[in-house]
Amino acid sequence: DSGVTQTPKHLITATGQRVTLRCSPRSGDLSVYWYQQSLDQGLQFLIQYYNGEERAKGNILERFSAQQFPDLHSELNLSSLELGDSALYFCASSAGGRDFEQFFGPGTRLTVL
Amino acid sequence: AQKVTQAQTEISVVEKEDVTLDCVYETRDTTYYLFWYKQPPSGELVFLIRRNSFDEQNEISGRYSWNFQKSTSSFNFTITASQVVDSAVYFCALIAVDTGNQFYFGTGTSLTVIP
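Going down the list, the sequences are from chains A and B. Residues 1 to 113 (my numbering) make up the first sequence, in order. Residues 1 to 115 (my numbering) make up the second sequence, in order.
Calculated directly from the structure, the hints in this document are not laboratory data. It cannot be assumed that every hint is accurate.
Residues from chain A that face chain B, not an exhaustive set, calculated with beta carbons under 7 Å [stated by the list, open to error]: (1) Gly42; (2) Leu43; (3) Phe45; (4) Ala56; (5) Gly58; (6) Phe90; (7) Phe100; (8) Glu101; (9) Gln102; (10) Phe104; (11) Pro106.
Quick reminder that beta carbons are idealized off the backbone N, C-alpha and C, glycines included.
For reference, chain A alone in the conformation it holds in the complex:
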């Protein structure tokens, strides 16, 4: 058990809908990372937050947004969903700064029908 929790574990929704994925980092970790893993695109980095502030941005679509709250949990919002958004979404946390030793959550499997 990495100490990182993600909810929900599975999510099935329809095209055009909006969903929110939630991540709680390990106790004491200040950084949260979001990744998308799909058969088409492989493993892709979406975004990183550090203590509530956006730290790095990867291949995150404009339809997607994220935030990190004062209690350090993070949410990834996906809107106007398309079939191609079906993927496994991982969250990871690390202590922060230049400490990139990440601990991963179990992932949320999103299926868009």
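Based on the hints, put chain B in the right spot on chain A.
This is chain B only, laid out in the frame that chain A set:
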């Protein structure tokens, strides 16, 4: 531009053989980090190692060892005396710190260890 190449898509070895997973990276940043992750069949991602660009010392952790060579832009991963539990997909990744701290992943190498 940053890029990570894992040319080996799939590798099969017999238990107890040694196996090396190759990783070649491209970056113009002088400050960067390299990583290896493991994704077993159960699907979770496991961080294995990070190495920064200023530390070319090789590292050994049990049966795992990593060889970082800046001269060839490679960060190879060797498993000694492989075991069935090593069967997984292994990803190599790069963060280029000078240009925004983005992660760049290779396409992964699927390792199967045959008993």
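We went through each hint and held it up to the structure:
1. Taken as an interface hint, glycine 42 (chain A) checks out: its beta carbon lies about 5 Å from the nearest beta carbon of chain B, inside 7 Å.
2. Given hint, leucine 43 (chain A) at the interface with chain B, holds; its Cβ is 4 Å from that chain's nearest Cβ, closer than 7 Å.
3. Checking phenylalanine 45 (chain A) against chain B by beta carbon gives a least distance of about 4 Å; that is within 7 Å, so the hint holds.
4. A least Cβ separation of about 4 Å between alanine 56 (chain A) and chain B falls short of the 7 Å threshold, and the interface hint therefore holds.
5. Interface restraint check for glycine 58 (chain A): the shortest CB-CB distance to chain B comes to about 5 Å, inside 7 Å, so the restraint holds.
6. Because the closest C-beta pair between phenylalanine 90 (chain A) and chain B is about 6 Å apart, less than 7 Å, the hint holds.
7. Annotation: phenylalanine 100 (chain A) was flagged as interfacial toward chain B, and the flag holds, the nearest CB pair being 5 Å apart, inside 7 Å.
8. Hint status for glutamate 101 (chain A) relative to chain B: holds, with the closest Cβ pair at about 6 Å, below 7 Å.
9. Below 7 Å, beta-carbon pairs count as interface contacts, and glutamine 102 (chain A) has one with chain B at about 5 Å; its hint therefore holds.
10. Because the smallest distance between the Cβ of phenylalanine 104 (chain A) and any Cβ of chain B comes to about 4 Å, under 7 Å, the interface hint for this residue holds.
11. At a threshold of 7 Å, the smallest CB-CB gap from proline 106 (chain A) to chain B is about 6 Å, leaving the interface hint in force.
Against the hints set out earlier in the document, no violation occurs for any number.
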